[in-house]
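Enquirer: The lines below spell out each chain.
Protein chains: 2
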Amino acid sequence: MKWYTEYWTNHVKFSIRIKKHIYTKETRFQKLDFYDSYEFGRFFALDGYMMANEKDEFIYHEMMVHLPMNANPDIRNVLVIGGGDGGSVRELTRYPFLACIDLVEIDEEVVRACQEFLPLTAHKLTDPKVNLIFADGAEFVSETKKVYDLIIVDSTDPIGPGEGLFTPRFYRNCYRILSGDGILVNQHESPYFDDTRKDMKQIHKKLKSTFPIATVYQAFIPTYPSGHWLFGFASKSLSPEFRGDEDLLSRFKLRYYNKAVHIASLALPNYVEEELR
Amino acid sequence: MKWYTEYWTNHVKFSIRIKKHIYTKETRFQKLDFYDSYEFGRFFALDGYMMANEKDEFIYHEMMVHLPMNANPDIRNVLVIGGGDGGSVRELTRYPFLACIDLVEIDEEVVRACQEFLPLTAHKLTDPKVNLIFADGAEFVSETKKVYDLIIVDSTDPIGPGEGLFTPRFYRNCYRILSGDGILVNQHESPYFDDTRKDMKQIHKKLKSTFPIATVYQAFIPTYPSGHWLFGFASKSLSPEFRGDEDLLSRFKLRYYNKAVHIASLALPNYVEEELR
Chain A
2 MKWYTEYWTN HVKFSIRIKK HIYTKETRFQ KLDFYDSYEF GRFFALDGYM MANEKDEFIY
62 HEMMVHLPMN ANPDIRNVLV IGGGDGGSVR ELTRYPFLAC IDLVEIDEEV VRACQEFLPL
122 TAHKLTDPKV NLIFADGAEF VSETKKVYDL IIVDSTDPIG PGEGLFTPRF YRNCYRILSG
182 DGILVNQHES PYFDDTRKDM KQIHKKLKST FPIATVYQAF IPTYPSGHWL FGFASKSLSP
242 EFRGDEDLLS RFKLRYYNKA VHIASLALPN YVEEELR
Chain B
2 MKWYTEYWTN HVKFSIRIKK HIYTKETRFQ KLDFYDSYEF GRFFALDGYM MANEKDEFIY
62 HEMMVHLPMN ANPDIRNVLV IGGGDGGSVR ELTRYPFLAC IDLVEIDEEV VRACQEFLPL
122 TAHKLTDPKV NLIFADGAEF VSETKKVYDL IIVDSTDPIG PGEGLFTPRF YRNCYRILSG
182 DGILVNQHES PYFDDTRKDM KQIHKKLKST FPIATVYQAF IPTYPSGHWL FGFASKSLSP
242 EFRGDEDLLS RFKLRYYNKA VHIASLALPN YVEEELR
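In order, the protein sequence lines correspond to chains A and B.
If you count the first sequence from 1, position 234 lands on 235 in this note's numbering, and the numbers rise without skipping.
If you count the second sequence from 1, position 164 lands on 165 in this note's numbering, and the numbers rise without skipping.
Don't take every hint at face value.
No copy is singled out in the list; a pair is fine if it fits within one copy or between any two copies.
Mimicking DMTMM-like on lysine to aspartate or glutamate, the simulated pairs with C-alpha atoms at most 20 Å apart in a straight line are [to be verified]: (1) K260 / E242; (2) K56 / E40; (3) K260 / E276; (4) K14 / E40; (5) K209 / D103; (6) K3 / D246.
These are computed hints drawn from the structure, not numbers from a lab.
Put together the whole structure using the sequences plus the hints.
Expert: What follows is the structure in structure tokens.
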């Protein structure tokens, strides 16, 4: 019996019993591994950190996508940076009124491996509205002439290939290519352990210095360190309040997100509010 | 370097690096252990499950106490069942208008050891309003003639010494000794892993068949399995909405609970709502 172990801090580890290590590859950018597990089904890891698993990926992807989509029902053009597993794209394709979804992923091998081993998240990457662009997200936003209504930064942690997606320059470029009601959301680490809390504070500070509106929202994601995970919400003009269509949402048959969860996800515990101040 | 390990399921384990195992005792009821750890400070475990640690006990205890206290500002007499670490009592003693706090704990050794090794939670057990009663909570509620406005069932899981605190008979007796606006809250397990989800459904079913109002609320508690933990809220007449005094609350300088968190804690993800239906 084998265990896959993640160190959440130097002093805390989280271990998952593995059925089989099904794929491993050193890509140009990172180490990519796929496993079959008893508790979480299939999952993949980048540089030793679990990114998505079949049991709870829906929580992360639903919260990443449906909160901004329901803060501004006029979103038509979306840019996803990172997110090579396709989970965010899958959630976006539920909205019939979207015009285009550009996915900019630095590592094509992540996309191809997820298409082979994790169809649960990747199966909408071939949707006609989706354009796959294999490029560095930081370079892409500095060069593109396109305007987006929503940018989803579905990245790894601020080390390794994801680092460039956490710089002030990156955020300024995102601001530049967003429409007037434009929204940026990103994965924003966790308030609980020291290391991720430092990252959280840094990210928030940078977003706040770029966007007039910058806050965080949260979800219960048991397989990310501490299970208390944050998303950043930044925009030029719109608050994160719910402005969605509940009838449309009910047809999606989501498993986590709903209007009440949207509103609740913005209510921060005192200790988190204080750290962000 | 030693690790304390908890199996969250047969296939998932959570491990904490230990500085020192400072106390161990087989009491009449259970195995009691105290440890010093790097990440969570001091903590204690009953029968191998962590109950409270210095890093995040405030989340559990604040949510256990302040939600019901702020759903009914007329609460004067409180019964705590279990909760031998004193954390729930500590939060209750913040309210100057409480008349009496009866703590019924089956295992005196838990109280005495927490007073020695975990003063952070136990230091208000000597408050003049607090009566310590070392007895079986299930027997106590079947015999007492007293009437309470709030019953807090701060128990272990529904196995071992805590088992009697999850029966229909126990809930019926609680109903009997509650005042007209009376509220019961209890630790209600987690929706995420199979075993705790089964417990969650059982507890909810029993509470619903006893009380006209029965729902759950949730908090981010990273050291409990999955980090997504539920509390039960049951009452004769009052909904769990916020009716508290925000000025009083701000003087408490709480680290987790606030009015927005109160309201948000009641917003359940779709998959949790479906399991409870």
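Enquirer: When Cα atoms must be at most 20 Å apart, do K209 and D103 count as within-copy, between-copy, both, or neither?
Expert: Neither way: K209 and D103 sit 25 Å apart in one copy and 48 Å across, limit 20 Å.
Enquirer: Check K3 against D246 for me: Cα-Cα at most 20 Å, and say if that holds within a copy, between copies, both or neither.
Expert: neither (46 Å within a copy, 53 Å between copies)
Enquirer: Taking 20 Å as the upper bound on the Cα-Cα distance, should K260 and E276 be classified as within, between, both, or neither?
Expert: Result: close only across copies, 18 Å inter versus 27 Å intra.
Enquirer: At most 20 Å between alpha carbons: which applies to K260 and E242, within, between, both or neither?
Expert: both (10 Å within a copy, 18 Å between copies)
Enquirer: Treating 20 Å as the Cα threshold, decide for K56 and E40: within, between, both or neither.
Expert: The answer is within: 8 Å in one copy meets 20 Å, while 27 Å across copies does not.
Enquirer: Could you figure out if K14 and E40 sit no more than 20 Å apart (CA to CA) within one copy, between two copies, both or neither?
Expert: both (17 Å within a copy, 11 Å between copies)
The structure does not agree with the numbered hints 5, 6 stated previously, though it agrees with the rest.
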